[in-house]
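Engineer: As a plain string of letters, each chain reads:
Protein chains: 2
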Amino acid sequence: MRRSLSGQLVLEDEGSFFVGGEVVATDYPMLPNTGLGAPGHITVNQMYVRYWIPAAKNDLAPVVMVHGSVHTGKTWETTPDGREGWATYFARSGFSVYAVDHCGRGRSGFNPSPINQARADSHAASLPAIQITTREGAWLNFRLGPSYGRFWPDSQFPEDAVDQYFSQLVPNAESTLVDGGANTVNALAALLDRIGPAIVMVHSQSGSYGLDLIRKRPKLVKGLINIEGSCTPVSAQEIEATLAKIPLLSLWGDHSIGAAGLNGDERRNGCMATVAALRAAGGRATFALLPDLGIRGNSHMLMLEKNNLRIADLVLEWIGENVPKNRAKEALI
Amino acid sequence: MRRSLSGQLVLEDEGSFFVGGEVVATDYPMLPNTGLGAPGHITVNQMYVRYWIPAAKNDLAPVVMVHGSVHTGKTWETTPDGREGWATYFARSGFSVYAVDHCGRGRSGFNPSPINQARADSHAASLPAIQITTREGAWLNFRLGPSYGRFWPDSQFPEDAVDQYFSQLVPNAESTLVDGGANTVNALAALLDRIGPAIVMVHSQSGSYGLDLIRKRPKLVKGLINIEGSCTPVSAQEIEATLAKIPLLSLWGDHSIGAAGLNGDERRNGCMATVAALRAAGGRATFALLPDLGIRGNSHMLMLEKNNLRIADLVLEWIGENVPKNRAKEALI
Numbered sequence: 001m002r003r004s005l006s007g008q009l010v011l012e013d014e015g016s017f018f019v020g021g022e023v024v025a026t027d028y029p030m031l032p033n034t035g036l037g038a039p040g041h042i043t044v045n046q047m048y049v050r051y052w053i054p055a056a057k058n059d060l061a062p063v064v065m066v067h068g069s070v071h072t073g074k075t076w077e078t079t080p081d082g083r084e085g086w087a088t089y090f091a092r093s094g095f096s097v098y099a100v101d102h103c104g105r106g107r108s109g110f111n112p113s114p115i116n117q118a119r120a121d122s123h124a125a126s127l128p129a130i131q132i133t134t135r136e137g138a139w140l141n142f143r144l145g146p147s148y149g150r151f152w153p154d155s156q157f158p159e160d161a162v163d164q165y166f167s168q169l170v171p172n173a174e175s176t177l178v179d180g181g182a183n184t185v186n187a188l189a190a191l192l193d194r195i196g197p198a199i200v201m202v203h204s205q206s207g208s209y210g211l212d213l214i215r216k217r218p219k220l221v222k223g224l225i226n227i228e229g230s231c232t233p234v235s236a237q238e239i240e241a242t243l244a245k246i247p248l249l250s251l252w253g254d255h256s257i258g259a260a261g262l263n264g265d266e267r268r269n270g271c272m273a274t275v276a277a278l279r280a281a282g283g284r285a286t287f288a289l290l291p292d293l294g295i296r297g298n299s300h301m302l303m304l305e306k307n308n309l310r311i312a313d314l315v316l317e318w319i320g321e322n323v324p325k326n327r328a329k330e331a332l333i
Numbered sequence: 334m335r336r337s338l339s340g341q342l343v344l345e346d347e348g349s350f351f352v353g354g355e356v357v358a359t360d361y362p363m364l365p366n367t368g369l370g371a372p373g374h375i376t377v378n379q380m381y382v383r384y385w386i387p388a389a390k391n392d393l394a395p396v397v398m399v400h401g402s403v404h405t406g407k408t409w410e411t412t413p414d415g416r417e418g419w420a421t422y423f424a425r426s427g428f429s430v431y432a433v434d435h436c437g438r439g440r441s442g443f444n445p446s447p448i449n450q451a452r453a454d455s456h457a458a459s460l461p462a463i464q465i466t467t468r469e470g471a472w473l474n475f476r477l478g479p480s481y482g483r484f485w486p487d488s489q490f491p492e493d494a495v496d497q498y499f500s501q502l503v504p505n506a507e508s509t510l511v512d513g514g515a516n517t518v519n520a521l522a523a524l525l526d527r528i529g530p531a532i533v534m535v536h537s538q539s540g541s542y543g544l545d546l547i548r549k550r551p552k553l554v555k556g557l558i559n560i561e562g563s564c565t566p567v568s569a570q571e572i573e574a575t576l577a578k579i580p581l582l583s584l585w586g587d588h589s590i591g592a593a594g595l596n597g598d599e600r601r602n603g604c605m606a607t608v609a610a611l612r613a614a615g616g617r618a619t620f621a622l623l624p625d626l627g628i629r630g631n632s633h634m635l636m637l638e639k640n641n642l643r644i645a646d647l648v649l650e651w652i653g654e655n656v657p658k659n660r661a662k663e664a665l666i
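Chains A and B, in that order, are what the protein sequence lines are.
The letter at position 228 of the first sequence is residue 228 when you use the working numbering, and the numbering goes up by one with no holes.
The letter at position 224 of the second sequence is residue 557 when you use the working numbering, and the numbering goes up by one with no holes.
Careful, some of the hints might be misleading.
Short, incomplete list of chain A residues facing chain B, as computed with Cβ under 7 Å [stated by the list, open to error]:
| # | residue |
| --- | --- |
| 1 | K74 |
| 2 | S155 |
| 3 | V170 |
| 4 | N186 |
| 5 | G282 |
| 6 | P291 |
| 7 | A312 |
In silico DSSO-like cross-links for lysine-lysine, where the CA-CA straight-line distance does not exceed 30 Å [to be verified]:
| # | chain 1 | residue 1 | chain 2 | residue 2 |
| --- | --- | --- | --- | --- |
| 8 | A | K306 | B | K390 |
| 9 | B | K390 | A | K57 |
| 10 | B | K578 | A | K57 |
| 11 | A | K216 | A | K245 |
| 12 | B | K549 | A | K219 |
| 13 | A | K216 | B | K390 |
| 14 | A | K325 | A | K245 |
| 15 | B | K658 | A | K57 |
| 16 | B | K552 | A | K57 |
| 17 | B | K390 | A | K245 |
| 18 | B | K639 | A | K57 |
| 19 | B | K549 | A | K57 |
Derived by calculation from the structure, the hints in this document are not laboratory data.
Cβ atoms here follow ideal geometry from the backbone N, Cα and C, with glycine treated the same way.
With the hints as constraints, model all of the structure from the sequences given.
Structural biologist: Here is the structure:
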């Protein structure tokens, strides 16, 4: 891939956070397939902020960049033809830069309740159901604790930052697209076509996307790290033909034993079965339940919890031991 | 603000792009206030990809990170409590990292047509109108050229990348929020409360947001760079009390003379009038029409066109000459 920066970028810090936001009630969260979910509360009006803090700073105030209508903070990033955008150019000129997504836009999410309500009230089947999780539903499905507002005694979740976490939850608006989530699998295949062979890390809903991506691009997936995503169904035929040739790590947090719902026993046991089948076929596959490794208190969102870099080190170690080294085709031209 | 990275990040490259995507017709683009817009074509099913290429790379394939349901690529960025996320941690471990937003989610946009259609057909006023621009409308409103599909002879737009550009256009879903765009102004105020005094750069729709932000936080805006955004209305009283104390740059591309619509004569003339009023009150205000400076062929999206860094240099020079230097309060703790 061609380089976009016109010079090296040395950052003292970079990242993203939310500002603003409030908690409102919704009677219309919508669940996939099953219609309306239980009433609850969602975070709305939060604003996503991405920032770059250069190592070599000037003595001026930082710059906040705010996009226009029908755009997002992408406005200030890499140009459409792959050249450097203003965000990093200003950062390399010594400015701290903050670029936002308007409230209700992009990664700031929006409130789908009025749409879902109109759909439910009028039985207008032409309206897509737009899934959003309530805070209450997320607390249980993502296993933050045993009941809404209560963390596990050994919780690794950054408890004081729970509102920042809920700010990152957005409506699953892919239901407005023909073919829904299949578009993401197709786009992932297009991504590998562009960047070359890659290790693919998928989370939760995207577990099955990882399997479908292997089916589309078996030679471009060098390893699949599947964090609490589904590992089923897989056929004996495709295990033999493709899946057993690709290293798989199925990684699970704590407190899923006995848990109902999407991220509990059924999905985890399915992953154990797939890992066993892959190993029986000679594949390099690992099922890792963190408490079995002495790491306790992690939820479904283990990549952002207090011990997230310790778990990242486990993943990095697994990659080093299981993924064959090769010069990546994505080397910069 | 507390640092989130646990070590310096040295990047050979970073940025964002889209993969996938297709052009579909819509009869339901919706315009703000005026109801349905003209039928046309929009880009859907594109996937936003953000990437980090470290200067010190290992010899393994890059890592692609794919979030789960009701999440976005934010999953892999800074944790809710402000610590380093996996994207940069893996990059600092030597991996090239790519993190996506599912199609139909976050910065990948979505297709609001079924929602707008149901609203239009049933006259169900409870459904929000979700503005999206057609490609045809964008071509004229953002002044890419004189008619759809034709660029200006002196165009600075990266013409071969026009599909990448259209991929970044998303529905204005803030219409699903109570108070709509006012939430973004409130969130910008919360952002300045968090990071301290800042130079604020606004584009297009956000021009009025910049003025409203000054009204809310007059001491925290050190300068306003208003790129083809509205500069009106402003009262004589607020010019005297606050606006004339804050440096303003109103920056305009080419081909707006005689242009109708949102980004033409009316808005530009309003900015000239505001700049004149600010200067009469002793303020540091600049109206800059790029062709007057010998820079021709720029559209409404000048920050991403072929000469974008040349224009950035003009803005950087203006800042150096007009914005008072001071130690920013956002220095890392």
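Engineer: Give a verdict on every hint.
Structural biologist: Evaluation of the provided hints:
1. A cut of 7 Å between beta carbons decides the hint on K74(A): the least distance to chain B is about 5 Å, and the hint holds.
2. Contact between S155(A) and chain B, as hinted, is not supported at the beta carbon level, the nearest pair being about 13 Å apart and thus beyond 7 Å.
3. Nearest Cβ of chain B to the Cβ of V170(A): about 6 Å, under the 7 Å cut. The hint holds.
4. Evaluation of the N186(A) hint against chain B yields a held restraint, the C-beta minimum of about 6 Å falling below 7 Å.
5. Here the hint on G282(A) is broken, as its CB sits about 21 Å from the closest CB of chain B, past 7 Å.
6. The criterion of a C-beta within 7 Å of any C-beta in chain B is not met by P291(A), whose closest approach is roughly 20 Å, and the hint is violated.
7. With 7 Å as the threshold, the beta carbon of A312(A) comes within range of chain B, its nearest partner Cβ sitting at about 5 Å, so the hint holds.
8. Using a Cα cut-off of 30 Å, the hinted pair K306(A) and K390(B) holds, with the two alpha carbons roughly 27 Å apart.
9. Our distance criterion of 30 Å between C-alpha atoms is met by K390(B) and K57(A), whose separation comes to about 25 Å.
10. For the suggested pair K578(B) and K57(A), the alpha carbons sit about 25 Å apart, so the restraint of at most 30 Å is met.
11. For the hint linking K216(A) to K245(A), the alpha-carbon distance of about 14 Å falls within 30 Å, and the restraint holds.
12. About 55 Å separates the Cα atoms of K549(B) and K219(A), which puts this hinted pair outside 30 Å; it is violated.
13. As the CA atoms of K216(A) and K390(B) are separated by approximately 28 Å, the hinted pair is consistent with the 30 Å bound.
14. Straight-line distance between C-alpha atoms of K325(A) and K245(A) comes to about 15 Å, which keeps the hinted pair within the 30 Å bound.
15. Between the alpha carbons of K658(B) and K57(A) the distance comes to roughly 12 Å, so the proposed pair stays at or under 30 Å and holds.
16. Restraint check for K552(B) and K57(A): satisfied, since their Cα atoms lie roughly 22 Å apart, inside the 30 Å limit.
17. A threshold of 30 Å between alpha carbons decides the hint, and for K390(B) with K245(A) the separation of about 25 Å falls inside it, so the pair holds.
18. Proximity of K639(B) to K57(A) is assessed by CA-CA distance (about 27 Å); at most 30 Å being required, the pair is judged to hold.
19. Between K549(B) and K57(A), the direct Cα distance comes to roughly 28 Å. Compliance with the 30 Å bound is thereby established for this hinted pair.
Hints 2, 5, 6, 12, counting from the list given before, are not met by this structure.
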